[in-house]
Amino acid sequence: SFLVAAEGSSPLTTTATTQNLSGLPDYVEVFAVVRGVDVDGVETYASNEVSIFVTLAPDSFEPDDTQEQASLFSADPLGTGTYTQVHSAHEVTDVDWISFELLGPSDVTARISSTTYADAELFLYNDAGTELGYGYLNDFNGEETLSSVSASDLPAGSYYLMTRPYDGWSTYNNYTLRYI
8 SFLVAAEGSS PLTTTATTQN LSGLPDYVEV FAVVRGVDVD GVETYASNEV SIFVTLAPDS
68 FEPDDTQEQA SLFSADPLGT GTYTQVHSAH EVTDVDWISF ELLGPSDVTA RISSTTYADA
128 ELFLYNDAGT ELGYGYLNDF NGEETLSSVS ASDLPAGSYY LMTRPYDGWS TYNNYTLRYI
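Residue numbers (our numbering): 8 to 187.
Because the hints were derived from the structure by calculation, they are not lab data. Here a beta-carbon is modelled for each residue, glycine too, at the ideal position from N, C-alpha and C. Hints may be right or wrong, so weigh each one.
[Claimed, not checked] Each pair of labels, with its calculated beta carbon distance range:
1) Leu161 with Val93: 20 to 26 Å
2) Thr73 with Ala53: 45 to 51 Å
3) Val40 with Ser159: 55 to 61 Å
4) Asp174 with Asp47: 31 to 37 Å
5) Asn55 with Asp174: 19 to 25 Å
6) Ser58 with Thr89: 49 to 55 Å
7) Ser165 with Val57: 46 to 52 Å
8) Arg42 with Asp72: 20 to 26 Å
9) Asp174 with Pro84: 29 to 35 Å
10) Gly88 with Pro162: 19 to 25 Å
11) Gly86 with Asp174: 31 to 37 Å
12) Ala64 with Glu138: 46 to 52 Å
13) Ser67 with Ser155: 20 to 26 Å
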């Protein structure tokens, strides 16, 4: 599928060689052509089509690229309920860390899901940096819409979730990380 932009009013009297565009969706390829208009309103032939790639902006939790920079799921220790954060992988090397605190023995499940194409990894770590779980989201064919990591009977303490693009393969727009 593709998006078609509505044609707006042309800047008829500009002599500028550049134009700023706003309101474009993140992580899409946009195609543009340019036409000149003379004083009588006669348009020139269209220029060659130009491809412009709109990059992703960092999500609001950046910087959260290390365990020390991890964003908090909650300022308070996690209890029962669901906690959610929405992130993006704005660069192929983007790593997102999220921390949470448990007050006592707990079962933990965390899920990553995306409504757009994403190949992502999800890790669960303890405070010492030991990996406790791994999940992989591969929605290349739209078959997998979420991946999860789980651990049972975790003692009180600090824990971390880390997500990243699988093997530095691709950037992707919003994904949801949910603690259940």
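Do the hints match the structure? See the list:
no., hint, verdict
1, Leu161 with Val93: 20 to 26 Å, "25 Å, holds"
2, Thr73 with Ala53: 45 to 51 Å, "48 Å, holds"
3, Val40 with Ser159: 55 to 61 Å, "58 Å, holds"
4, Asp174 with Asp47: 31 to 37 Å, "57 Å, violated"
5, Asn55 with Asp174: 19 to 25 Å, "35 Å, violated"
6, Ser58 with Thr89: 49 to 55 Å, "41 Å, violated"
7, Ser165 with Val57: 46 to 52 Å, "49 Å, holds"
8, Arg42 with Asp72: 20 to 26 Å, "44 Å, violated"
9, Asp174 with Pro84: 29 to 35 Å, "34 Å, holds"
10, Gly88 with Pro162: 19 to 25 Å, "20 Å, holds"
11, Gly86 with Asp174: 31 to 37 Å, "35 Å, holds"
12, Ala64 with Glu138: 46 to 52 Å, "30 Å, violated"
13, Ser67 with Ser155: 20 to 26 Å, "24 Å, holds"
Hints 4, 5, 6, 8, 12 from the earlier list are contradicted by this structure; the remaining hints agree with it.
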